[in-house]
Amino acid sequence: MSTRNFIRRDLPLILIVIAAVLQLGSRYIQDATLDAINKALGQWSSYITMMAWGLAVIYLFQGEWHTMQMKPGWEQKALFGVLVAFSLILVGGSIIYADWAHGQLGFRGDQVQWWYTAFYPAESRAFYGLMFLYLMSASYRMLRFRSLEATVLAVSGLLYVCESASIFTLYLDPYLTAIGEWLYNYPNNAATTAAVMVMACGSILISMRQLMGRERTAVEVAS
Amino acid sequence: MADMLFMFIQMVMVLATWSYLYRDNFFSKAAAEIVISVSTVYFFLSFYNSLWQQAIVPILDGTNLLNIIPIILGLLMFSRLFKGYGWVSSYSYAILLGLGTGATLTTMVQGSITTRISDTVTRPFAATLWQDQLGAWLTVFGVIFSLSYWLFTIEYKGYLAYSLKIGRLFLMCSIGMLYAEDVLWSQSLFTGAATIVVNFFKVALGIPI
Amino acid sequence: MAQQKSFLEKLGSADYRIIYAIMTILVALPLVYPIGVPQSIAPPVINYVETINKLKPHDLVLVSFSGYMTMLPDVAPIYIATWKMLMTKQVRVMIFMSHVDSPTVIRQEFAQLGWDTVYTEGTDYVIWPYMTMTESAEIAWTADIVHGFFTTDIRGISVDSIPMLQSIHDAHDIALYICESPEYCTRRYVLAGTPNYNVKLLVWGTATNVQPFVPPFYDPVKGPVYGYAGGASQGAMMEAYLFQTTHDLKYAGEGVKSNDAKNLGVIGLVVIVIIGNISYFGTRGKKEEK
Amino acid sequence: MFVSVWYYMYRVQHNQSLPKIRTIPATLAIEEGVGRSLEMGKPVHYTMGSDGAPLNSTGMGTTIASLAVLRFTTNLVAKYGVRLIMHLPSQGEAIPLIEGVIKEAFVEAGKPEAFQRGDMHYYGYLTAAFSPGVYESFKRDKVGLFIHAGSIITFEFPVLEAAKINDAIVIGGTPRWTATYIFAIACDHMFIGEELLAAGASLSENKFLISGLASEEWWKFVIVGLIVLGVILKAAGLDVAAIYTM
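Chains Y, F, E and D, in that order, are what the protein sequence lines are.
Residues in the first sequence are numbered from 138 upward in steps of one, following the working numbering.
Residues in the second sequence are numbered from 271 upward in steps of one, following the working numbering.
Residues in the third sequence are numbered from 158 upward in steps of one, following the working numbering.
Residues in the fourth sequence are numbered from 190 upward in steps of one, following the working numbering.
Honestly, I wouldn't trust all of these hints.
[What the hints assert, rightly or not] Here are the simulated SDA-like cross-link-like pairs (lysine to any residue), alpha carbons at most 20 Å apart as the crow flies: (1) D:Lys328 / Y:Met207; (2) D:Lys423 / F:Tyr355; (3) D:Lys300 / F:Tyr355; (4) D:Lys423 / F:Thr398; (5) E:Lys213 / E:Val275; (6) F:Lys435 / D:Lys328.
None of these hints come from the bench; they were simulated from the model.
For reference, chain Y alone in the conformation it holds in the complex:
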């Protein structure tokens, strides 16, 4: 039982501590070996995150498959079909246009890239365009001078927006930009500084717990 606990719970914690200590060490101790180890660890972490994409693809299809089974009907089937078809186009295209001599998939050729640039950037811009419209309707709803706090929020927001429009700056400058920049550089900076500092405190606390092996969130014993 104790071996089981050690392998499942303590060993991962020890790994966390080792990796953290090595990185801390290389920051404060000048040593070539330590630097080399850290360099390797940095590269390894990149490779591990890249490997994880395989897992991601499995979860994508698993989730969509599950959805299709939960919601029978032509629409969900057709949507799953769109997903599979498009994925196959990407996989097929990158294999067909691969540069086998250099072991590269067909990403430098325009063919696969074309599918990506034709479909994705337009959709994403349109989606964030929606965000603009949502923000506009939210402004209409929210930016009302109900209380002192709400007034401060609305006035600072409006001033900052106006500052970026040359039609206002042209006639109201230097005052508009000066006030906007002043609000940005001082009161806003004060709040941001405080928020960033407490966030750092919170993150450091969690890291310390991690380093002392007290943070159990990351390690499991079940399953």
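Knowing the structure of chain Y, use the given hints to seat chains F, E and D on it.
Quick look at chains F, E and D alone, frame taken from chain Y:
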């Protein structure tokens, strides 16, 4: 012709996405599904492509055999899919979490705390104009008042209650400005998407862009 | 009992679709009929341009380039103007990809600008492949640029057979770093890069990323950040400034066009906020009377 | 910093009293929201954001904090028998960790069979794919409670707005200050700034975690002290920047 097709697809994607605003429909869902597949499969392929070149080729030609370790650790992640062996994957993310811990402890004290403090306290003395001096002193007090919002063990009574009230004004001012920034960039993207639609019709009608 | 809504109440609870329609028309109008709203220029943008102007031939410029396709409308004017300036300077450029879209976008931009007619890949510029880099990896990379992290450039050519890299060692060789500005990136380079290597920094990016984080580090005389430009409106400023100082038509681009749309959008926002508040105060008075 | 942490740990080990932690309103709202979902027969949706689970960077703390909230939520969900839909972040390497936390919470609640891997949805690298994906899920599966906590970028405003349009209780927050405003606009209950990081500890009711929070409180006073001291030193003509960033 290929250009025209390209522009047409882009326009259809924009309009399909915007059709959300009217109501839920098949085209908007299909557009989402296409982007999800691009978002996962395309990146999966391109990351594995880089992985092949940067990690596996050096193993195969014998220049860096140690790369086998991250590859094995990466494979261990897949143990999550097998019943009863899910815990094995914790070895892989343990390393990542360890590096995250190290990164937090090495960079955050200096980057987010001490540099910020020294920046705050030196500003009032560096400023030359009266408005900058005023602002810089306001920042010093603003930081202290704003910090009082994030106290978790002390009750807000007496002076602390006033400090909280003033601190919240600073926070609101900041939230207003951050909100304004996002209005600005999302507007740029909205303009970008609208340009796609306008340009398609301009080209189709033979009007110069 | 259902009460008739007054005009002011109706004004305060307008359907969100009406707001969508008004804003869409305001923003799309100048794309069809450009108006040409005049432009003002912020000092950090001027310093950005002037810092690049001070580069000497053969200086090494490091660029971290995100080229995130979604955000392109917001940042492309800055990118394009910067590439155009660098093309006139005969410097050496090393480009670091910080987003998975970057390789595609950079090839497209370079093809449009004719970058390869001025510079040769491998001898005048190097593009690193996109890889997710952790903070520790980046620190190692600044200490040993050639062998610290990458084994090949984006074309798959080994670092040992790239002529330009043979004279480069660590970040001391970098004359200027044009840096992408998510918060962590700037913070990391200001910390890891500058105290140890004294690298001059310029920052580019979206307004959201540049504005909150860069100003504390900005000082046009002492650095570490000598100038910055964020978002489409500052991109338009950069184009306008370059055009004013060089009178070269090649610097007039998309940014100036979107300036019109920005102005009308902002006017629209101000108007709807004012309408909302008129309704709020109008109806609040009535409620209090009751 | 270490000293303060150790001091409170010492107090815990010797069963001495700890300061009381103020309740964070958003944490109370989670239980209420799960109850409401049960009444309405709708599922609970949880997400850490499309880019919300960095492990090997300074964002790690946020990820861990959000996982603690996830564990708490999953426990409640398992107890009440409500369906949980998890929208995964783009970081594939975090998937095993997230699944582990959910599974373990189900096991703790005595219902390991309630875990459904098919209810974990992945949308890839791009926020523009994530947002419509989540939006579709709201429409398709309905939503009673939506929790959105992690290191979030502002692009995710449409998701929060969509949850609101679909009549959900929205709870969210991030320690990243730049993204805080989207929650201020769109949430019913929010974690402001570091509250999310503290929520994890206060939810767990674990003495060690609470002791950590108490020690962190001291750091904030130290920061205020350093600011005051810095002003005095600077007025005395010393180079504060050099001293503080040694």
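To see whether the hints hold, each was checked on the structure:
For the hint linking Lys328 of chain D to Met207 of chain Y, the alpha-carbon distance of about 14 Å falls within 20 Å, and the restraint holds. A hinted pair counts as satisfied when its Cα atoms are at most 20 Å apart, and Lys423 of chain D with Tyr355 of chain F does not qualify at roughly 59 Å. For a cut-off of 20 Å, the pair hint linking Lys300 of chain D to Tyr355 of chain F stands: about 19 Å separates their Cα positions. In summary, the hint linking Lys423 of chain D to Thr398 of chain F is supported, as the alpha carbons are separated by about 15 Å, within the 20 Å threshold.
Between the alpha carbons of Lys213 of chain E and Val275 of chain E the distance comes to roughly 16 Å, so the proposed pair stays at or under 20 Å and holds. Distance restraint check for Lys435 of chain F and Lys328 of chain D: the Cα-Cα separation of roughly 40 Å exceeds the 20 Å cut-off, and the hinted pair is therefore not satisfied.
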